[in-house]
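Q: First to last, the sequence lines map onto chains A and B. For the first sequence, counting from 1, position 156 maps to 158 in the numbering used here; every step adds exactly one. For the second sequence, counting from 1, position 1052 maps to 1501 in the numbering used here; every step adds exactly one.
Just so you know, the hints here were simulated from the structure itself, not pulled from any lab data. There may be inaccurate statements among the hints.
[Claimed, not checked] For lysine-lysine, the following DSSO-like pairs were computed, each having C-alpha atoms within a straight-line distance of at most 30 angstroms: (1) A:97 <-> B:668; (2) A:290 <-> B:668; (3) B:1110 <-> B:1179; (4) B:604 <-> B:668; (5) B:585 <-> B:610; (6) B:613 <-> A:28; (7) A:292 <-> B:1471; (8) B:566 <-> A:28; (9) B:1432 <-> A:28; (10) A:263 <-> A:120; (11) B:772 <-> A:141; (12) B:566 <-> B:576; (13) A:200 <-> B:1471; (14) B:601 <-> B:510; (15) B:798 <-> A:169; (16) B:1077 <-> B:1007; (17) B:1179 <-> A:28; (18) B:590 <-> A:28; (19) B:707 <-> A:28; (20) B:566 <-> B:613; (21) A:31 <-> B:576; (22) B:798 <-> A:28; (23) A:141 <-> A:215; (24) B:585 <-> A:97; (25) A:201 <-> B:1471; (26) B:1198 <-> B:1120.
Keep in mind it's a predicted model, so treat the numbers as computed, not measured.
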Amino acid sequence: MSPNTPTSSSGGTGSADSSAARRNSKRPKYSRFTQQELPACKPILTPRWVISAFMLVSIVFIPIGVASLFASRDVVEIVDRYETDCIPQRFRNDKVQYIQSSEDKSCNRSIKVPKRMKQPIYVYYQLDNFYQNHRRYVKSRSDKQLRENSSADDVSSCKPEAYTNGKVPIVPCGLIAWSLFNDTYSFSRKNQQLAVNKKGISWKSDREHKFGKEVFPKHFQSGTLRGGADLDDSIPLSEQEDLIVWMRTAALPTFRKLYGKIEVDLEADDVIDVTLKNYYNTYSFSGKKKLVLSTTSWLGGKNDFMGIAYLTVGGLCFFLAMAFTIVYLVKPRQLGDPSYLSWNRNPAGH
Amino acid sequence: MRRKKLRLSKIYSFRCGRACFKEDHSQIGGPGFSRVVYCNDPDCFEAGIRNYGDNYVSTTKYTLATFLPKSLFEQFRRVANFYFLVTGILAFTPLAAYTAVSAIIPLIIIVAATMIKEGVEDWRRQKQDMEVNNRKVKVRKHDGTFGYTEWKNLKVGDVVKVGKDEFFPADLLLLSSSYEDAVCYVETMNLDGETNLKLKQALEVTSSLHEDSNFHDFKAAVKCEDPNVNLYSFIGTLEFEEQQYPLSPQQLLLRDSKLRNTDYIYGVVIFTGHDTKVIQNSTDPPSKRSKLEKKMDKIIYFLFSLLFLMAFVGSVFFGISTKDDLENGVMERWYLRPDDSTIFFDPEKAPAAAIYHFLTALMLYGFFIPISLYVSVEVVKVLQCIFINQDIEMYYEEADKPAHARTSNLNEELGQVDTILSDKTGTLTCNSMEFIKCSVAGTAYGRGVTEVERAMDRRSNSPLVQQNNNGSNPTDDSTDNKPRIKGFNFVDERITSGNWVNEPHADVIQKFLRLLALCHTAIPEVNENTGKISYEAESPDEAAFVIAARELGFEFYKRTQTSISLRELDQVSGKKVERVYKLLNVLEFNSARKRMSVIVENEEGKIVLLCKGADSVMLERLASNGRKFEEATMEHVNEYANAGLRTLILAYHELDKEEYKQFEEKFSEAKNSVSADREALIDEVTEKIERDLILLGATAVEDKLQNGVPDCIDKLAQAGIKIWVLTGDKMETAINIGFACSLLRQGMKQIIINLDFPEIQALEKAGEKASITKASKESVVRQIKDGKAQISTARVGSEAFALIIDGKSLTYALEDDMKKMFLEVAIGCASVICCRSSPKQKALVTRLVKSGTGKTTLAIGDGANDVGMLQEADIGIGISGVEGMQAVMSSDVAIAQFRYLERLLLVHGHWCYRRISSMICYFFYKNVTFGFTLFLYEAHASFSGQPAYNDWFLSLYNVFFSSLPAIAMGVFDQDVSARFCLKFPLLYQEGVQNVLFSWRRILSWMLNGLISAVIIFFFCTKSLELQAFNDDGRTVGRDILGATMYTCIVWVVNLQMALAISYFTLIQHIFIWGSIAFWYIFLLIYGAMSPSFSTTAYKIFIETLAPSPSYWVVTLFVVISALIPYFSYSAIQMRFFPMSHEMIQWIRYEGRSNDPEYCDMVRQRSIRPTTVGFTARVAARSN
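Here chain A stands alone, though its shape is the one from the complex (with noise of 0.2 angstroms):
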């Protein structure tokens, strides 16, 4: 390119010249871009575009889809529902007056692993029918009292829960906090405690940045009526990882929410006896509860939604690119149309 810039700049001055004689000409001036004829790409769909790209969906999708499958096949996962289950049968009637009871709230459950699951094991609770994705119920948060210990003060988004009844202000406050969900599972194998390791279930930059060292659970539960589970005031926000798991509101109102990781691998058959204190009104608004046992792969936990939809539509569009590579060819144009030329008569363009 370089060793034509002379040339090209000197007859560009001679252009000029020529144009300066008409220096008042309001003649436009030429260029690609004003005369709209930049260099560009027009492409049609052209039937070898629309069968290739099918084909290249199928051939991308496909593979993508079996290797989704198999993850969330690998993956092991234990359900149990136990809200029901968990409410002696004498109260079956009034769940509701049961779990506002100071009854004991204990339940066993045995849990059998159908194959065998790699540790980490993560501990999930999964709630039904709960939205946390209400409008009053995400905005009942103060983000700044939860990192800085000078802002305990700032709980006006928090309303009901912002103070106590001596008007003191809560910490954590707001509807989020207050409502922490407060059923605990404990697990054995064959009368062996399986340990559950409660660090590092919460993201990391939420643990540093959004919920503060130095802040400390202040009159938490000591409103008018009380929520859901109390809080260890000598333990600041930062490691209260349960709460952080908790204020990460779900998006729908079927969520998991993470409880811990049981970091020893369970054998198939083995039986594992959970120890559950079921505290959580969900029987309100007739919510589930489960808890999951799950292990995970690299997609994650179980879900063959994606691998199913990754095939279907892989092989949908196989079925479209045969499709239409049958029409182009038993039918490559419209009877008695000139314009609709077929793709076969023109290899040129090809």
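Based on these hints, arrange chain B on the given structure of chain A.
A: For chain B alone, coordinates are given in the frame of chain A:
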């Protein structure tokens, strides 16, 4: 269009015309006539009381103070903007689903962008005003000297001195001029577009004020009418030296007109600034909005109703679920604390909560309405205008004029024109009359070939040769003659270079040429440097005659009030001699007389009446001994008319002194009479003298077709555009031109509607108005009915009709009860020509077509008489030709030549239409996609009004992540290149039939958006529903789902754009991929900000999304799936049901465009058969 020869001819009658200042001077001082001007004493006490405004003129829309409120008001008059303003305000209340700042910032950006645009436009106007207001003029100062001052400082009563070729700074009362008799010549091009000069004359009492010093004691008072809009009236009195003198328009020099041919004038400022007649006259041009934009408003209303519906549904559900939260004190969703709620969520007042929620929902679903649409459309249109202005192929070299789009509102309308209403003279033709032939003493001279003859020759040739010739014809025109003289194209060596003296009837030829040099009202202008003479004539025909006379040896070089001086070629000596003719009378031209005469006395004292006029009136006035050449001449005249030329008959009549004296007495008596029938009296007198004429010959002047007109008309006809010609010309001329430009052809059935029937003419003679009207109307009705019958019987056949109607008949045809029928007939005809139509009729016809058919009309014209038509039509195109700037000033697009219309419509119009309609559809698509995911999410959040996305994601969607590619499409997209647009004019029908912006198309785009939204929402939620999101076992929160869905949307809408456009330049690539890349960059930057600002998006990309394979896998899957429906649809459509532009894309792709036979086949099959244009002519021949 020919101007009526009225004004200049009055020059010679005003001397005797003073007596007619009778009217209404009694009103002076009364209401409406209260103005008093103290001349030369602007600062006196009385003038101070009156306090007339200064001469500052402002045309700006805003001032510094009013800019903000006024432009804001303009902005928020738009329903969508107002809606966004209301939601922006509501966003500050607790109703808001998102933070107020994020809601208000896009609105501010949009409004600011529009306001900046307004501001810049107004600033330009301001600069122009400054230039005008700061022009200098010589004004008399207190010390008695004349010095320069700015225009804006002029005060009423100032005495100013204006030099040659300067503009008048205000409306002035003419006091005196450099001429003895205080006349001056004025060019009023800026006022009425007329290029001819007008003569003004001061009162005699002030005409002696020739020197600056004369004004020392000059004191006078003018009492006159108040400022008004009437350019041609002025009533006032001058009180000078205790005497009252009446003033008329003859003494008033209007602002913005120019002093010509006069060294200087003195004048008194009467009206200043906004009081001047020209400013009073300047009304804002009617603001036109394109049909597309009107439809766009409708779509926005449609979206609003959808929005309300969605909000309503949401509110009902919300109300129910809120009410259920608390029953008899038992809380259902206890975690929401329904027992201690605000009004917005109070279960006990659920209806109120639902109503509040309705407002919230309106704000939330506001993303349905594309906030940036208006401003994007405006930006796109401005850029499109630049392309039109910059198009080198619409640049006219000769006049150095590029195309100029004056409004950007109507670009896309250019692609939808159904009917073109065209002026003829100056538009189809050059309006430079050329003297091309003449017939003298029964011999035809002149061997020039007219455009019409050429066209007729072409007609008889084979079609292929014809088409080839078309391209090259204009070039050999311009190359043959040496230095071409404008207005003169006469080639005949028998006459030129003085050879006429050797012709058999040399004496007749001499008289003939002398008549040409004398019988006119032109004013010569001598170029001081070269000595060359040019002429200011009232019409181009006249100029052509004088020029012809000059070229043939009778040079007219000087005119005074009473004489005309010629340099003649002496027949005997062969030398040039100067001769002065005493000008005795001018018998002016008007459309009723159809002739003009002058009476001159030559140096020998012989008095001659020289007369030229239309054959119809001239032949009956010939003396019995003057008919020697009648037969031969008439034969020639008919030949000329057939060749499309304008003909005039020249004749003379020698008068003896006695005869003239009698005439003169009667004539001045008639002129000085003040009775109402003055005109009739004058007519009667002149009628008597213009008799017993002796025929000299006939002239033929060609009104040349502009280059490329037949070609252009042919292309436009192929594009399915109907062309109507509205002209002031005679029917015969109009028909000739119709033939020349292929609007008419031999096989066409002509339906001619006129009133030239003997019985009506007889009635006219009798002069009974009522009966004339009745008979005329009946006749017109009958003719229209006949025409209708003819068309309806012939409809089965392929016979083409042409409707030709004259002005008089048009008056009746345009009456309310008949216009529908007239329109029906006109639509049934392939060509329509309205001759002898007045400017008003032109506008009325335009309105009739516009409102009658509901289709887009385009009017094209060049003269002041076309202004009404240009403003009435959906689009007005001004030809920046010779007839001044009036048409251009009131047009929407100005082009230099008619032939550029082809490119303007077929290329730019088509592109703009396509671009804008696709862009608007796309805007709706992308907003429906986005808005509907919000709605779907609401359904999963018990309609509480919680958006799925982070506040800033929401508000920046329209501004950053999706608008730029759409704008790029609106500016650059081309379905097919310019070459193909011109090659296949049928493409234009896409715009005329509005297929790209039909409700079906708009709704399918919206449906596409809906499908995309559903796919994106359900696939995302299903994929990310419950299970762990990554191998760390963490699950998906609102933040992750929101960001993932948003990513998918950004990808989908941008890739959708990539699929939809057919023209990928670097710019498109940058915008499309840039928008997607920018989303990730934005996510990074936003995520890096402090969590108090970024809230849920804090570090979301770095920490959460990017490391998780599921995020990428979901994105890929959802994006591709969402595009498959559209992709399949368009693949099928492209292949099996291609639209016109897609067919042409195929042809280009297949490389078949070079196969003429094939292209022809495509063209043939395209649309309805074309019925005008030479292609049709060829087709008609072959049948």
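Q: All the hints need checking, so say for each whether the structure fits it.
A: Structure-based check of each hint:
1. A:97 <-> B:668: 110 angstroms, violated
2. A:290 <-> B:668: Given pair residue 290 of chain A, residue 668 of chain B is violated - Cα atoms ~105 angstroms apart, limit 30 angstroms.
3. B:1110 <-> B:1179: Outside the cut-off at roughly 36 angstroms; violated.
4. B:604 <-> B:668: 16 angstroms, holds
5. B:585 <-> B:610: 11 angstroms, holds
6. B:613 <-> A:28: Holds, at roughly 27 angstroms.
7. A:292 <-> B:1471: 19 angstroms, holds
8. B:566 <-> A:28: 24 angstroms, holds
9. B:1432 <-> A:28: At roughly 28 angstroms apart (the allowed maximum being 30 angstroms), residue 28 of chain A and residue 1432 of chain B satisfy the hint.
10. A:263 <-> A:120: 12 angstroms, holds
11. B:772 <-> A:141: 20 angstroms, holds
12. B:566 <-> B:576: Cα-Cα ~16 angstroms, so holds.
13. A:200 <-> B:1471: Satisfied, since the Cα-Cα distance of roughly 28 angstroms is no more than 30 angstroms.
14. B:601 <-> B:510: At roughly 19 angstroms apart (the allowed maximum being 30 angstroms), residue 510 of chain B and residue 601 of chain B satisfy the hint.
15. B:798 <-> A:169: 27 angstroms, holds
16. B:1077 <-> B:1007: 34 angstroms, violated
17. B:1179 <-> A:28: 37 angstroms, violated
18. B:590 <-> A:28: 41 angstroms, violated
19. B:707 <-> A:28: Roughly 25 angstroms separates the two Cα atoms, so the pair holds.
20. B:566 <-> B:613: 39 angstroms, violated
21. A:31 <-> B:576: 25 angstroms, holds
22. B:798 <-> A:28: The given pair, whose Cα atoms are some 71 angstroms apart, is violated under the 30 angstroms limit.
23. A:141 <-> A:215: 23 angstroms, holds
24. B:585 <-> A:97: 97 angstroms, violated
25. A:201 <-> B:1471: Distance ~29 angstroms between residue 201 of chain A and residue 1471 of chain B Cα, so the pair holds.
26. B:1198 <-> B:1120: 48 angstroms, violated
Hints 1, 2, 3, 16, 17, 18, 20, 22, 24 and 26 from the earlier list are contradicted by this structure; the remaining hints agree with it.
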